[in-house]
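Throw the hints in and build the complete structure from the sequences for me.
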Amino acid sequence: SGQLKEQTNLFSHQPGCNMNKNGSNYIYSTSSKVLCTEDPIFASQTSATWKWILAGLTIYIIDLSFRFYKRKDPVQLLDFQIYKCDMISLSLQKRDFTAKPGQFVYLQCLEISGLEWHPFSISKCPSLEDTSFTLHLRTHGDWADKLRHHLFCVASKITGKKYAFNKIRLKDTDLVSLNCKFFIDGPYSSSFEEVLHYSVSICVAGGIGFTPFASVLSYLRIDVKSLEKIKRLHFFWVCRDLELYKCFSTLLYETFEQVRNSSPDKFEFHLYFTQQGSWDIIKDALVESYQFLKQRIKLGKHCWNFFIRTEDHL
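Each residue of the sequence shown is one higher than the one before, starting from 1 at the first, in UniProt numbering.
Since the hints were made in silico from the structure, they are not lab data.
Only a predicted model underlies this, so the values are computations on that prediction, with no experimental measurement involved.
All C-beta atoms, glycine included, are put in the ideal place defined by N, C-alpha and C.
Where hints are given, some of them may not hold.
For lysine-lysine, the following DSSO-like pairs were computed, each having C-alpha atoms within a straight-line distance of at most 30 Å [as the list claims (entries may be wrong)]:
1. K146 / K157
2. K72 / K5
3. K225 / K181
4. K294 / K225
5. K72 / K94
6. K294 / K84
7. K84 / K51
8. K266 / K246
9. K181 / K100
10. K84 / K225
11. K181 / K229
12. K94 / K231
13. K246 / K225
14. K298 / K266
15. K72 / K51
16. K266 / K100
17. K94 / K157
18. K231 / K298
19. K298 / K84
20. K231 / K301
21. K294 / K246
22. K70 / K94
23. K157 / K181
24. K70 / K181
25. K100 / K146
26. K72 / K84
27. K70 / K84
28. K100 / K231
29. K5 / K100
30. K181 / K84
31. K301 / K266
32. K157 / K100
Simulated restraints on C-beta separations [to be verified]:
33. D39 / D185: 58 to 66 Å
34. K225 / K146: 36 to 44 Å
35. S189 / K266: 20 to 28 Å
36. H150 / K298: 48 to 56 Å
Structure (structure tokens):
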């Protein structure tokens, strides 16, 4: 930019020299400083920034170009379900797609917007046996609410029937042929990927923030040997919507039973319900099919100081 300058005539004008204003080659001086006959000349420094950013910028452009290319691959929608707690689950499938527990992707639906990409955590990663992956979305925003309405219209076209929003669950090959195109960008990494790399892990989730941990639970059901590396895994889920617990009750129960049989005392659930209400309301809402939740849900918030200070829990 020319703001920084450097001296170009160091041989004829050394810094700190005495200036010979007479112009002669010799001048008597009692000083030990070198004599010089030219004034200092300065020029703008040439920019060398490109040398430092070239390698990183090249890798970034290659990665960005590759992602733009991969975005063009359409994603197949296998099935979806709309829940009472304003949540949607999408079961998707994409060619050569791989992901690790804890990662997230950007989702686009052309029928809603051709410019918007929204990040969502992967709640079930693809495996060798099942190449599909699952996303759970809360429908509180404009984009997600339009997606829920669009999926409801898709279900009505396929079945020819009118369903309630919270009861739609379809697995139909005709769903692929309809005008419902999804695109995926990712996956992208997150700090949650390292949860199984430590001897003791304490995971805390709030509300729909459970979805990254759901991918870990699904992974443990496939690879239970991963628990051999850890000493204890604690999971705290604080939520004020009881329906959200119901949505993942099957996953919680099956994972807990499978892990307890193979690696007992290594995996603990701590579920806390923070909505105002009595225990009688919870018991009425959690019928016989949710006995696993009824035995583990507690009212209020957890005492973190007591838990952290107690070494026996860790």
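Here is what the structure says about each hint:
| no. | hint | in the structure |
| --- | --- | --- |
| 1 | K146 / K157 | holds, 17 Å |
| 2 | K72 / K5 | violated, 48 Å |
| 3 | K225 / K181 | violated, 37 Å |
| 4 | K294 / K225 | holds, 29 Å |
| 5 | K72 / K94 | holds, 11 Å |
| 6 | K294 / K84 | holds, 19 Å |
| 7 | K84 / K51 | violated, 56 Å |
| 8 | K266 / K246 | holds, 24 Å |
| 9 | K181 / K100 | holds, 24 Å |
| 10 | K84 / K225 | violated, 35 Å |
| 11 | K181 / K229 | violated, 41 Å |
| 12 | K94 / K231 | violated, 35 Å |
| 13 | K246 / K225 | holds, 27 Å |
| 14 | K298 / K266 | holds, 21 Å |
| 15 | K72 / K51 | violated, 33 Å |
| 16 | K266 / K100 | holds, 22 Å |
| 17 | K94 / K157 | holds, 24 Å |
| 18 | K231 / K298 | holds, 25 Å |
| 19 | K298 / K84 | holds, 22 Å |
| 20 | K231 / K301 | holds, 25 Å |
| 21 | K294 / K246 | holds, 11 Å |
| 22 | K70 / K94 | holds, 10 Å |
| 23 | K157 / K181 | holds, 16 Å |
| 24 | K70 / K181 | holds, 15 Å |
| 25 | K100 / K146 | holds, 29 Å |
| 26 | K72 / K84 | violated, 33 Å |
| 27 | K70 / K84 | violated, 34 Å |
| 28 | K100 / K231 | holds, 21 Å |
| 29 | K5 / K100 | violated, 51 Å |
| 30 | K181 / K84 | holds, 25 Å |
| 31 | K301 / K266 | holds, 23 Å |
| 32 | K157 / K100 | violated, 35 Å |
| 33 | D39 / D185: 58 to 66 Å | holds, 59 Å |
| 34 | K225 / K146: 36 to 44 Å | holds, 43 Å |
| 35 | S189 / K266: 20 to 28 Å | holds, 25 Å |
| 36 | H150 / K298: 48 to 56 Å | violated, 38 Å |
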